[in-house]
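*Asks:* Sequence:
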Amino acid sequence: MQDIYILFQVAGVGIIVAIIHTVLKQMGKEDIAHWATLIGFIIVLVIVIDYLSRLFNQIKSVFILQMIM
Numbered sequence: 050m051q052d053i054y055i056l057f058q059v060a061g062v063g064i065i066v067a068i069i070h071t072v073l074k075q076m077g078k079e080d081i082a083h084w085a086t087l088i089g090f091i092i093v094l095v096i097v098i099d100y101l102s103r104l105f106n107q108i109k110s111v112f113i114l115q116m117i118m
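Per our numbering, the very first residue in the sequence shown carries number 50; after that it's consecutive.
Keep in mind the hints are simulated off the structure, nothing from the lab. Remember, it's a predicted structure, so these values are computed and weren't measured experimentally. Each residue gets a CB set at the ideal place from its N, CA and C atoms; glycine is no exception. There's no promise every hint is true.
[Claimed, not checked] Straight-line distance between alpha carbons at most 25 Å, and here's what the computed SDA-like set of lysine to any residue pairs gives: (1) K74 with Y54; (2) K74 with L87; (3) K78 with F57; (4) K74 with I55; (5) K78 with A67; (6) K109 with V97; (7) K74 with G89; (8) K78 with V93; (9) K109 with D99; (10) K74 with L94.
[Claimed, not checked] Cβ pair distances, simulated, as ranges: (11) V62 with S110: 23 to 31 Å; (12) L101 with G63: 12 to 20 Å; (13) L87 with D52: 21 to 29 Å; (14) E79 with D52: 32 to 40 Å; (15) I108 with V62: 36 to 44 Å; (16) S102 with F57: 16 to 24 Å; (17) M76 with V111: 49 to 57 Å; (18) G61 with S102: 18 to 26 Å; (19) I113 with I64: 25 to 33 Å.
Go ahead and model the full structure; you've got the sequences and the hints to work with.
*Replies:* In structure tokens form, the structure reads like this:
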């Protein structure tokens with residue numbers, strides 16, 4: 050269930066950023082549209098890094114637990 054939540058979260062950010070980019074581009078503000086896309090990418094990157102950090106902590110705890118036993 051957690052995997053699906055991650056996918057929907059990233060997809061949701063992507064859809065929102067795509068809509069914002071399209072609207073801004075239609076208004077003739079391409080420079081702001083590019084900044085919005087960059088900010089959206091950074092948000093997704095932070096989300097992915099957070100989940101990767103959690104994954105590596107779980108892997109580390111499994112190996113520490115196996116060393117104790």
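*Asks:* At the C-beta level, are M76 and V111 separated by a distance inside 49 to 57 Å?
*Replies:* 51 Å, holds
*Asks:* Just to be careful, I want the Cα atoms of K109 and V97 compared with a cutoff of 25 Å; is the pair within it?
*Replies:* Distance ~18 Å between K109 and V97 Cα, so the pair holds.
*Asks:* CA of K74 to CA of G89, is that 25 Å or under?
*Replies:* 16 Å, holds
*Asks:* Quickly compare the C-alpha distance for K74 and Y54 to 25 Å and report which way the hint goes.
*Replies:* Roughly 30 Å between the alpha carbons, so the hint for K74 and Y54 is violated.
*Asks:* Is 21 to 29 Å respected by the C-beta to C-beta distance linking L87 and D52?
*Replies:* Given range 21 to 29 Å: holds, Cβ gap about 27 Å.
*Asks:* Between K78 and V93, does the CA-CA distance stay at or below 25 Å?
*Replies:* Satisfied, since the Cα-Cα distance of roughly 23 Å is no more than 25 Å.
*Asks:* For V62 and S110, compare the CB-CB distance with the range 23 to 31 Å and indicate the outcome.
*Replies:* 29 Å, holds
*Asks:* Within 25 Å, alpha carbon to alpha carbon, are K74 and I55?
*Replies:* Answer violated: K74 to I55 is near 28 Å, above 25 Å.
*Asks:* Is K74 close enough to L94, meaning Cα to Cα at most 25 Å?
*Replies:* 23 Å, holds
*Asks:* Is 18 to 26 Å a correct range for the gap between the Cβ atoms of G61 and S102?
*Replies:* Check passed, 21 Å falls within 18 to 26 Å.
*Asks:* Does the structure keep K74 and L87 at a Cα separation of 25 Å or less?
*Replies:* 14 Å, holds
*Asks:* Could you check the hint for me, namely that I113 and I64 are 25 to 33 Å apart, CB to CB?
*Replies:* The hint (25 to 33 Å, Cβ to Cβ) is violated, given that I113 and I64 are roughly 40 Å apart.
Violated hints, listed in ascending order, are 1, 3, 4, 15, 19; each of the other numbered hints is respected by the structure.
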